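Read top to bottom, the protein sequences are chains A and B.
Each residue of the first sequence is one higher than the one before, starting from 172 at the first, in our numbering.
Each residue of the second sequence is one higher than the one before, starting from 9 at the first, in our numbering.
Since the hints were made in silico from the structure, they are not lab data.
Please note: incorrect hints may appear among the correct ones.
[As the list claims (entries may be wrong)] Pairs of lysine-lysine, DSS-like flavour, derived with a Cα cap of 27 Å:
{"hint": "1", "chain 1": "B", "residue 1": "Lys530", "chain 2": "B", "residue 2": "Lys477"}
{"hint": "2", "chain 1": "A", "residue 1": "Lys224", "chain 2": "B", "residue 2": "Lys57"}
{"hint": "3", "chain 1": "B", "residue 1": "Lys121", "chain 2": "A", "residue 2": "Lys224"}
{"hint": "4", "chain 1": "B", "residue 1": "Lys126", "chain 2": "A", "residue 2": "Lys224"}
{"hint": "5", "chain 1": "B", "residue 1": "Lys121", "chain 2": "A", "residue 2": "Lys209"}
{"hint": "6", "chain 1": "A", "residue 1": "Lys224", "chain 2": "B", "residue 2": "Lys447"}
{"hint": "7", "chain 1": "B", "residue 1": "Lys53", "chain 2": "A", "residue 2": "Lys209"}
{"hint": "8", "chain 1": "A", "residue 1": "Lys224", "chain 2": "B", "residue 2": "Lys219"}
{"hint": "9", "chain 1": "B", "residue 1": "Lys139", "chain 2": "A", "residue 2": "Lys224"}
[As the list claims (entries may be wrong)] Ranges of calculated distance between the beta carbons of each label pair, as one might list FRET restraints:
{"hint": "10", "chain 1": "B", "residue 1": "Lys139", "chain 2": "A", "residue 2": "Ile218", "range": "16 to 26 Å"}
{"hint": "11", "chain 1": "A", "residue 1": "Glu250", "chain 2": "B", "residue 2": "Tyr196", "range": "38 to 48 Å"}
{"hint": "12", "chain 1": "B", "residue 1": "Arg147", "chain 2": "A", "residue 2": "Gln214", "range": "21 to 31 Å"}
{"hint": "13", "chain 1": "A", "residue 1": "Val201", "chain 2": "B", "residue 2": "Glu106", "range": "35 to 45 Å"}
{"hint": "14", "chain 1": "B", "residue 1": "Arg147", "chain 2": "A", "residue 2": "Lys224", "range": "49 to 59 Å"}
{"hint": "15", "chain 1": "B", "residue 1": "Gly213", "chain 2": "A", "residue 2": "Glu250", "range": "47 to 57 Å"}
{"hint": "16", "chain 1": "B", "residue 1": "Ser402", "chain 2": "A", "residue 2": "Lys255", "range": "21 to 31 Å"}
{"hint": "17", "chain 1": "A", "residue 1": "Leu249", "chain 2": "B", "residue 2": "Gln364", "range": "21 to 31 Å"}
Only a predicted model underlies this, so the values are computations on that prediction, with no experimental measurement involved.
Backbone N, C-alpha and C fix where the C-beta goes; we use that ideal spot for every residue, glycine too.
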Amino acid sequence: MNRNRRKITYSIKFASISKVVVCTALLASVGLTYVYLKNQLHQYGGIQRRLEKEFAELRTNNEVVHAQLASLSSRVVLEKKLAKNSLGLVPIASDRIVRLNQHPDTVRDALRVVSSRGFNQ
Amino acid sequence: MRWDGQARAVTIYVGLVGLFSVYSSRLIDLQIVKHDEYTALAAEKHNHKQTIYARRGIIQDVNNESLAENVPVRRVVADGSHIKDPVAVAEAIASLLEMDPHQLADRLNTQSKYVVIKSGVSEQTADQIRKALQVANLRGISFERDFVRSYPNGQMLSQVIGFIDHEHKGMMGIERSMQDFMQGTNGYRYIEHDRTGRELVPYRGLETPAKDGCNVKLTVDLGLQDILESELDAACAEFKPQNATAIMMRPQTGEILAMTSRPTFDANNPGDATPDQTKNRSVVDMVEPGSTFKIVTTSAVLEEKLVTPDTPIFCENGRFRYAGRILKDAHPLGVLTVHGILQRSSNIGVAKLALQLGETKLYGYIRRFGFGQKTGILLSGEIAGLVNPPHRWSKLDITRIPMGHSVAVTPLQIVAAMSSIANGGKLMKPLIISQITDKDGRPVATFTPEVVRQVASRETTQKITSALKDVVGVGMAKKAAVPGFQVAGKTGTAQKVDPKGGYMQGHYVASFVGFIPADDPKCTVLVLLDDPIRKGGLAFGGAVAAPVFGRIVARAAQYMDLCPTEQIPSSRTLNGSKKTVLAQWNYD
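Modelling step: build the complete structure from the supplied sequences, incorporating the hints.
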């Protein structure tokens with residue numbers, strides 16, 4: 172057979188193509204994953220920043236309210252309100268206080284003997 | 009000359025090599041030689057040290073009532089390099105900041121990156137400004153965190169609490185003495201931001217969290233403070249003294265229950281106050297104590313067993329010549345017992361006791377009672393007073409010092425000394441802070457009562473107390489009496505020292521210091537009025553300070569729920585049967 176007429180076949184080398192495809196796909200997926208994860212990172216960073224801001228605002232508002240509460244419930248303000256609203260509240264005069272028991276100071280920390288005799292009658 | 013192919017190739021080759029060499033050398037220059045310079049430049053543009061602000065600790069009274077709080081505010085800051093239209097920005101925010109738009113525009117018309125426009129802007133206003141700028145699509149204004157200190161009770165206890173300056177440093181009182189505990193430590197983090205200025209959270213660098221300041225709890229009870237202040241205000245309105253001081257102490261522990269001076273100021277507006285108003289006279293002022301000082305000499309002679317309470321002393325009928333000068337009593341007195349000398353407050357009697365004691369021993373007892381040295385209270389600016397050692401005394405001093413002249417003491421020292429008589433002879437270190445806690449309420453430091461020294465035996469102090477009871481019961485200070493209770497105390501009337509030398513005629517420092525109930529004291533109170541004016545009489549301590557003391561302790565006894573120790577008959581009845589009603593003092 173003439174040498175030029177010899178049948179030459181160029182077979183497709185699936186194995187090597189597959190290798191290239193797989194490698195490319197792998198590289199592509201790694202790249203995409205990297206991009207995806209980086210995007211996620213930025214997204215979560217944004218969420219973290221927003222939550223931190225919200226938390227700081229809540230804390231600030233809490234402090235503002237706390238200070239307002241302290242101011243509104245202060246002795247001076249309450250006394251002014253008392254005077255302004257003329258509620259008629261006056262300290263209990265001492266001659267209106269009748270002490271029937273021993274002063275609690277002397278018995279506060281001691282065990283007190285009590286009797287229920289006659290209590291149910 | 010013919011260009012053959014080889015020559016052309018070589019030329020191109022050399023050209024390319026040259027070109028790439030230039031690029032390479034530039035890259036080396038950028039990446040290696042100038043690496044640090046450009047890194048710093050990049051960091052300056054995109055990296056930023058963000059401060060994490062620490063919260064200043066708060067101050068509370070013994071019942072957790074708030075005395076000093078933080079109100080978060082914003083500091084409005086402009087970056088001139090980002091402001092393209094200063095007039096538009098000024099028009100958008102001037103009304104919200106309550107500023108003149110033209111002046112504001114002038115201030116914004118700058119290339120400076122940091123211009124403070126206004127401090128102390130409320131959160132609400134800051135939000136409104138932010139929205140106004142967003143709507144107008146304007147840039148260059150930012151808001152920094154800040155706070156202002158708020159004192160909910162205004163004037164009350166202001167000299168004890170103190171205030172802070174614009175850099176948030178304590179300037180006086182507790183704010184100053186506890187500055188290191190309360191200020192906290194700011195944290196920081198290194199951040200990167202994009203070209204719009206938004207933080208890139210994933211690229212956060214080193215972060216150190218902020219450490220909030222500690223909270224301070226005082227021993228002061230605002231209920232008692234209110235009583236002390238309102239009664240002192242009433243006394244100032246009645247007697248118009250140049251200044252006044254009142255202190256209440258728990259004698260067993262040395263805890264300060266209340267403390268105030270007049271004139272005073274509003275801690276929320278310290279800029280409006282004069283130095284005279286901000287002064288906490290209890291610890292930074294010194295006065296000649298007058299007759300309240302007689303407890304020292306009397307205790308000393310009893311402790312040294314030189315005399316007994318019944319030892320008779322001749323009081324020279326009111327005129328005693330010593331060292332060429334005549335010492336007088338307010339009223340001519342003959343023979344008095346030692347008990348009687350204290351009860352009648354005889355200058356001559358106590359001078360004679362001091363002569364028996366001698367200079368060295370008298371000086372020793374004065375120091376033992378805590379005079380001439382700082383008490384160690386945790387308040388800023390405390391002074392030691394002035395007690396000269398015997399080698400600097402004149403010949404006359406041995407007769408003048410026992411009656412509280414020629415020495416200068418702080419009001420707090422007088423209260424501490426009287427408290428040592430009340431508690432059986434133990435000189436207690438005055439306590440104003442009970443506890444320091446962290447932001448979560450965990451104790452960082454707890455202050456417990458501390459005995460400085462035993463100044464006299466219990467036996468001696470009981471003898472002194474007996475005489476002090478008679479000062480109020482039958483002596484010179486009947487106006488200090490409180491129905492239902494035995495009160496022990498001592499008046500003091502010291503002539504005012506003339507700055508030009510000598511003493512001022514007709515000008516006195518009137519005081520009264522005592523404790524209640526006499527046999528089981530719950531509080532020691534000092535009332536001191538500097539140069540009071542009394543209509544129709546001299547402003548002696550018994551006439552001026554004693555009634556104020558009486559009103560204070562009467563209300564304090566009710567507030568502290570002290571059980572009256574003496575029965576007072578009353579017409580009131582309970583359920584038809586006659587009962588004895590105790591304690592009839594009138595609240596008003």
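To see whether the hints hold, each was checked on the structure:
1. B:Lys530 <-> B:Lys477: With Cα atoms ~15 Å apart, Lys530 of chain B and Lys477 of chain B stay inside 27 Å; holds.
2. A:Lys224 <-> B:Lys57: Roughly 17 Å separates the two Cα atoms, so the pair holds.
3. B:Lys121 <-> A:Lys224: Between Lys121 of chain B and Lys224 of chain A the Cα gap is close to 24 Å, so the pair holds against 27 Å.
4. B:Lys126 <-> A:Lys224: holds, 23 Å
5. B:Lys121 <-> A:Lys209: violated, 33 Å
6. A:Lys224 <-> B:Lys447: With a Cα-Cα distance of about 21 Å, the restraint between Lys224 of chain A and Lys447 of chain B holds, given a limit of 27 Å.
7. B:Lys53 <-> A:Lys209: Satisfied, since the Cα-Cα distance of roughly 22 Å is no more than 27 Å.
8. A:Lys224 <-> B:Lys219: Distance ~19 Å between Lys224 of chain A and Lys219 of chain B Cα, so the pair holds.
9. B:Lys139 <-> A:Lys224: holds, 16 Å
10. B:Lys139 <-> A:Ile218: 16 to 26 Å: holds, 23 Å
11. A:Glu250 <-> B:Tyr196: 38 to 48 Å: Between Glu250 of chain A and Tyr196 of chain B, where Cβ atoms are some 44 Å apart, the hint holds.
12. B:Arg147 <-> A:Gln214: 21 to 31 Å: holds, 25 Å
13. A:Val201 <-> B:Glu106: 35 to 45 Å: violated, 59 Å
14. B:Arg147 <-> A:Lys224: 49 to 59 Å: Violated, since Arg147 of chain B and Lys224 of chain A (Cβ atoms, about 19 Å apart) do not stay within the stated range.
15. B:Gly213 <-> A:Glu250: 47 to 57 Å: holds, 53 Å
16. B:Ser402 <-> A:Lys255: 21 to 31 Å: Violated, at about 59 Å.
17. A:Leu249 <-> B:Gln364: 21 to 31 Å: Since the Cβ atoms of Leu249 of chain A and Gln364 of chain B sit about 56 Å apart, the hinted range of 21 to 31 Å is violated.
The structure fails hints 5, 13, 14, 16, 17 (numbered hints given earlier, in ascending order).
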